[in-house]
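Peer 1: Given only the sequences and the hints, what does the whole structure look like? Please build it.
Sequence lines, in order, name chains A, B and C.
Going by the working numbering, the first residue of the first sequence is number 25, and it counts up by one from there.
Going by the working numbering, the first residue of the second sequence is number 1070, and it counts up by one from there.
Going by the working numbering, the first residue of the third sequence is number 35, and it counts up by one from there.
These are computed hints drawn from the structure, not numbers from a lab.
This one's a predicted model, so the numbers in the text were calculated from it and none came from an experiment.
Warning: the hint list may mix true and false statements.
[Unchecked claim] Calculated cross-link-like contacts (lysine-lysine; reagent style DSS-like; alpha-carbon spacing at most 25 Å):
1. K217(A) / K159(A)
2. K1528(B) / K255(A)
3. K1425(B) / K1245(B)
4. K201(A) / K154(C)
5. K276(A) / K1864(B)
6. K173(A) / K157(A)
7. K1427(B) / K1511(B)
8. K201(A) / K1850(B)
9. K1432(B) / K1172(B)
10. K255(A) / K1527(B)
11. K1736(B) / K276(A)
12. K1528(B) / K295(A)
13. K1097(B) / K43(C)
14. K224(A) / K238(A)
15. K1511(B) / K1496(B)
16. K1864(B) / K239(A)
17. K276(A) / K1850(B)
18. K255(A) / K295(A)
19. K1736(B) / K1864(B)
20. K1736(B) / K201(A)
21. K295(A) / K1425(B)
22. K217(A) / K233(A)
23. K217(A) / K157(A)
24. K1850(B) / K1432(B)
25. K1864(B) / K255(A)
26. K1384(B) / K1425(B)
[Stated by the list, open to error] Using C-beta positions, here's what the derived DEER-type ranges look like:
27. T214(A) / S155(C): 36 to 42 Å
28. P1175(B) / M54(A): 49 to 55 Å
29. M54(A) / A123(C): 34 to 40 Å
30. I155(A) / K1736(B): 45 to 51 Å
31. Q1154(B) / R153(C): 55 to 61 Å
32. D78(A) / V1520(B): 58 to 64 Å
Heads up, the beta-carbon is just placed ideally off N, CA and C, and yes, glycines get one too.
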Amino acid sequence: MDQVLMLLNEYGEDGQILAGGQSLMPTLNMRLSNPQLLIDINHLHELNSITLDDNIVRIGALARHSELALSPIIDMYLPLIADAIPHVAHIAVRNRGTFGGSVALADPAAELPACVLALGGTVVLQSVKGIRKVKADDYFLGLYETERKPNELLIEVQIPVQDPTGLWAFVELSQRKGDYAIAGLAFIGTSEKQFIKTAKLVYFGSEIKPTLAKKTMAILINTRWDDNTRKLIAETLGRDLDPMTNLQGSAKMKLHLQKVLTNRAIDLALKREKPSR
Amino acid sequence: MAYKTTPLTILDRPNSYIGRSLSREGAKRAVAGRGRYTDDISLPRMLHAAFVRSPYAHVKILAVNVDEARQQPEVTLVMTGTELQELCTGPWIGTLSSFEGMKSAPQYPMAIERACWQGEPIVMVVASSRAAAEDAAEFVTIEYEELPVVADKETALDPECPIIHPELGDNLAFRKVIDNGDVKQGLADADIVIEETFQFGRHTAVSLETRALLADYEPTDGHLTIYTSSQVPHMIQAVFARTLGVAEHKVRIIAPDIGGSFGLKIHTYGDEVATTAASIKLGRPVKFIADRLESFLTDIHARENRVWGRIGVSKEGEIKSLEIDVRSAAGAYSQFPRTSVFEANQILNITGGPYKHKNYKAKTEVVYLNKVPTSQYRAVGHPIGNSVGEALVDQAAEACGIDPLEMRRRNIMEDDQYPRVSAAGIKLQDMSHQQCLEALAKHMDYENLRVEQDKFRKKGIQRGIGIAAFIKGTAPGPAGYYGTGGAPIASQDACTIKLEPSGGVICMIGVTDQGQGVDTVMCQIAASVLGLRAESVRVIEGDTDAVPYGGGTYASRATAIGGEATYQASLLLRKEILSIAGTLLQAEPITLDIVDENVVNKSDNQIRISVSEIGRIGHFQVAELPNNIQPTLSVTYRYRLHDALYIFTNGIQGAYVEVDIDTGFIKLLNHWVVEDCGRVISPQLADEQVRGGCVQGIGGALYEECVYNEAAQLQNGTLADYLTPMAGEMPDINVYHIQTPTSVSELGAKGVGESGTGAAPAVLMNAVNDALRPFDACVTKQPMTPETVLASLGKV
Amino acid sequence: MNEETSEIKLTVNGDLITKTVNVRQHLVDFLRLELGLTGSHLGCEHGICGACSVWVDGLVVRGCLMLAVQADGGDVTTIEGLTETGEIADLQKNFVDRNALQCGFCTPGMLMTLAELLRKSELSSREEIREHISGNYCRCTGYHAIVDAVETTISDRLGDS
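Peer 2: This is the structure:
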C-alpha cells in the first residue's frame, strides 16, 4: 500500500490505477490512453473485503462485482445494490470489475455510483498524506470527474445499512442486457400504508453524473402516490435533470424515459412496503 | 425443436443422406478450440503490418513523412501509397459493363494524392510484431488539406454539392429505371393510393473474426501463397495476381477456417493488397489482421437507402400498381470488382416480388459519398425491398379494412401459375407462395394469435403480429452478372471427385465453407449417390491448389450450384465404378447397385464386390481389367446455370412482438419462417442458416446503424456503440420448409443462406406497426430504436 | 522505445509455465503467441464480444482485459485445457449434434462461459440460459441452437443424477 501511495504521489495524473481493468484495459488496447505508469493494485488483498461494522457496510475497493452478487451482507443489508449488480455488464466482466473501480471512474451510465449516492455512502480515500472521507453528495462532481485527487487511492466505500422497513427500487433501461443504461434510477424511501414519507431519487445514464433530483424528491415527501403526484413529478423532473444528447438518444427522449422509470420505480418500491404494526 | 443427428446404420441403405441431418466434422474441431483461422497460422520469419489511415473523410495528402517511422525499432518496411502503386498494375475501377452507364473513379489500394473516406489506408508499417508496427506508425507524419465532404445522399446530386471525383462530372454512380405495365392506368384504377417514405441505416457485417490475410511470397520461384479469411479464393487469386503482376497460375490461395463472413469477405481490400505487396518486396511472410476498430472503418458497408414507395389498390385489396424510388448510398468508390450498385439493383428487382400485379415502376440513383465503399452484404437489397413492399401492402390492407394475411392471399402468385414473369421482369418458376402462406397461418396459429392480441390490448398491453412474404434471388447464373460484366468471378462451379485405392472418396469442390456446412452437404450428396458411408467421403475446399476452379460461396449458391456439380460428378464416378464392377463380375452394370460400401445385385441385394476392391484394382491391379479399359476413377464436372439470372426462392415470415409504448422498447416474443429452398439436403443446416440469418436481419431492424457526423466521420465504430443482437433479446425461431425442387438442376436444391435476413426486418417492422395501429402511429425507419418508436407516437 | 519485460510463473491448463513477457501484452495474446494456445480468440479487444473468455483462478474472465503479468501466480484454463479435463464433454457433444456453432469463432468463449453455468448444477430456463450468455456475441447461429444444446445438457445431467 505504501508503495502504491508513493507512486501515485510521484506520478499523479501520469499514473493510472489498474484494478479490475474492465474500463481501463479497453482504452489501453485501443491506444486511446497512454499512461506513463500502470499501478496494479490487485495484490492489495486487504482491499478485497465486504464487512458489516456496526450498521455500516464497508465495501473494500477491490471487492469484485461477482463477490457482491454472492455476498449475504449485501443481500441482507443493501438490497438496492443486490438489485443493481445483475445490470452491471456481464458475468466475465463482473468477475474482474471492482466496486472501487466503478466508483472511482464514475461513468455516467454506471449503476453503482448511483447506488452509493442514493444510499448516502461515504468514499474513503488514502494518500501519502493520510485518509480522507468524502460523502457521496460531495464526491461526484462532473463527467468522469470526482473529488478524488490524482495522488489519492479509493480504498473503501462505507454505506449505512438500508432501513429494513424502508422501500427501495432499482430500475434501468438499456437496449440489451448488460449494456450501459440509457436511463435509470435508484430510489430509496419510506412509506406507511402506501403514503410516501421520505424519498431519495438518484438518476443515472442520462446525466453527466449520478444526480440527486432534489426538487422532485421534495414533491414526494409526505405524499400519497397517485395520479396527481405522478403529474407533478412529470412536470418537475425536467428541472432536476439535464440529460445529454448522444449516440444513445436525444435529451428529450431521456427525460421522457426517466419520467416513465420514476413511475415504475415507485410502483415497484411501494410493493415492498412491509405491513405496519 | 428436436433434431436427431442420424447415426449410420446398414438399415439406412439404400436410403440416401438427402434430407437427413448429419453433424459437421468442422464442428468437432471448433468445440475443442482446434479451429485453424488465419491468425492461428504462423510462418518462419513472419512480419506484421499496421496502417496509418486517414482520419478525415476527404483530404488532399500534401506530404507524407515516413523517415522517423523507418528508424523505429523492429521495423522492416514502411511503404507509402506511391511506393505501393509502383508494385501494382491498376488502378482498380469498380464497374461492370453489365450495369449500363455505371461509372466509378480509379481507386488505389492505398491513398496517394487524396483520401476519400475516413479509414482509407495511406501508409503501411511492417514490423516484427503488430504492437511494434503500431508503435512505429505513430511516428508517421502526414500533412493534410481538408476538402469539402459529401456526407448526405439526399444532397449528393444537388448542383451546389461538391463533386468527389470531378472527372466523373457528378456524384452519380448508377441510375436505373424499370417501367413495366402501365402504372398510370393502375393508379387510375385504384380506389386507394398509399404513399410512404422509408429510411434504412448503414450497416457493417461485424463478423467475429475480422479480415485476415497472411501473404507468403517465395522470391526464388515466384510462387505466392496467401492464407486469407475469404469466401472466394479463386477470385482473390485472380485479382491479386493481376493487381500485383504475379503469374496467376503461381498463386495459391488458402482459405482456412473462416470466423464468419456474410458477404463481407467476398471483396478485395487495399490494405490486404498492400500486405501482399510487402511480402513480395521482402520475400518474407507478412500478416495483417484488421482489429475491430479498423473493421468498423474499412469493411464494406451496406444498406443505406431512402426509399419512397407508392401502392395503388382496389377496395377489395387487389394491388393495381406499385412504384418505388430508391436513393442509394455508396461510398467514395464503387467497390472493385463486384461494384456498389447491386444492392439498389436488387431492391428494384424484388420489391413486391411475391405479388401478381403487372404495373411496376422503379427507379434508383446510387450516389457516391465520402464514406467507406459499400458492396454485397448478406441478402443484398432484399431487406430493404421487402421492408418497403411489405409495409406498403400492410398499409394498404389497413386502409381497405382487410386482414394483412388475407391481403397476401388475395395478391400472392398462385402456385400453379409458373413459369411467369414478375412485374419487375424477373423470370420465376418452381415456387410455392400459397403453400407457404397457409403453412405459416397454421404454424403461427394465426387466428388464435389475433384473439390473444385483442385480449392483451384490452389489458393495455400492445402486441403486434407481422407478416412478410418474400422472394429471394439465389445461385446467380452467368447471364448479366459478374463474368458478363468483365469481372474475373466464376458463376459456374465444379467438383472433382475421385475414388482412392482404399475405397475412400475425395471430393474437391470450388464452393467454400464458412461454417454453414457446405462441406457436409457435399459429403451427403456424394455419399448418397455413391452408396458410401459419409465418413468414407472427405471433402476438400478452400485451397486453389487442391480444388477445381470455382466461384466460392456467395449469393446462396453453394448447394444449388456446387451441389449440382457434386451430384453430377458423383453420378459419373458411380457409373465408372459400376462399369468396372460389371466387367469384373461379368454382369450388366444396370443390374448392379452400390449399397453401404459394396456393389450388390439390385435384385437380391447380394454383395458382389466391395467398392474398396474396385479402388484397389483400379489403381494397383489394372491387369485384372481387359486392355480396353483405362480406369480413371476421377471425374471433374462443371455446372452452370442457363439463361436465368437467379434461382429465385420464396417464403413468408411471421413475427409476434410486444411494444412498450411508454419506453418505445420492443420485445420479440416469437418468430416463424416458412420457406421453400427446393430440395433440402440437411434440415438442420438449412434451418440454422435461416435462424442465423433472421437474427442478423433483426439486428438491422432494431439496433444496427453506422452513425456519422457532418464531416462523414464514424461516431460509433466500436462494439460498445454499434449494437448487434445478443442472446438476451432474441426469440426462438421456428422454421419450416416446403420443398419445390428447382427444375433447372437434377438435385433440385435452391439457396437458403440469406432468406432469413432478407425478410426479418420487414416482418418486424410490420409487427411493430401492427402493435402501434390503435395509436395511429407508424414507424418507417430502421433501426427501430426506442426513440424512433416514441417519436412515431408523438411522445418525443 | 524499450520494451519492458517481466518474468511470470503461472499454471496454464495444469502445466507450470515460466516465461518472460512484455509487460503490455494482454493475457490472450500471451496464450496465443507465446504458448500456441490459439483456441482463445480475439474479436474486439475492448471486452464486449466474449470471444476471448478464459478462466483465471476458476472464474471466467475477458482474457483481453487482463495483462499477462497480472496472471503471474495464477491458474489459467483455456478451451484446450477444459476439453482435456472432459468436464464439458457432454456440452461439446451436444453443441456438435445440435449444430450450436457455425463458424466456430465464438465457440471457445461461449463454452468457457457456459461451463460456469453448468457448474451451478441447477435447472435453468431458456431465458436464464440466454441471460448467462448475453455477453457472448455470436453472429452465425442467432443463439437458438446454443440454447437448445445447453438445455439438453442440463436436463440430461439432472436426469442422470
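Peer 1: Hint by hint, say whether it matches the structure.
Peer 2: Hint-by-hint comparison with the structure:
no. : hint                           : verdict
1   : K217(A) / K159(A)              : 32 Å, violated
2   : K1528(B) / K255(A)             : 22 Å, holds
3   : K1425(B) / K1245(B)            : 23 Å, holds
4   : K201(A) / K154(C)              : 21 Å, holds
5   : K276(A) / K1864(B)             : 9 Å, holds
6   : K173(A) / K157(A)              : 12 Å, holds
7   : K1427(B) / K1511(B)            : 30 Å, violated
8   : K201(A) / K1850(B)             : 23 Å, holds
9   : K1432(B) / K1172(B)            : 17 Å, holds
10  : K255(A) / K1527(B)             : 24 Å, holds
11  : K1736(B) / K276(A)             : 23 Å, holds
12  : K1528(B) / K295(A)             : 20 Å, holds
13  : K1097(B) / K43(C)              : 32 Å, violated
14  : K224(A) / K238(A)              : 8 Å, holds
15  : K1511(B) / K1496(B)            : 29 Å, violated
16  : K1864(B) / K239(A)             : 23 Å, holds
17  : K276(A) / K1850(B)             : 19 Å, holds
18  : K255(A) / K295(A)              : 20 Å, holds
19  : K1736(B) / K1864(B)            : 19 Å, holds
20  : K1736(B) / K201(A)             : 12 Å, holds
21  : K295(A) / K1425(B)             : 56 Å, violated
22  : K217(A) / K233(A)              : 33 Å, violated
23  : K217(A) / K157(A)              : 37 Å, violated
24  : K1850(B) / K1432(B)            : 20 Å, holds
25  : K1864(B) / K255(A)             : 15 Å, holds
26  : K1384(B) / K1425(B)            : 16 Å, holds
27  : T214(A) / S155(C): 36 to 42 Å  : 40 Å, holds
28  : P1175(B) / M54(A): 49 to 55 Å  : 33 Å, violated
29  : M54(A) / A123(C): 34 to 40 Å   : 37 Å, holds
30  : I155(A) / K1736(B): 45 to 51 Å : 48 Å, holds
31  : Q1154(B) / R153(C): 55 to 61 Å : 57 Å, holds
32  : D78(A) / V1520(B): 58 to 64 Å  : 60 Å, holds
Violated hints, listed in ascending order, are 1, 7, 13, 15, 21, 22, 23 and 28; each of the other numbered hints is respected by the structure.
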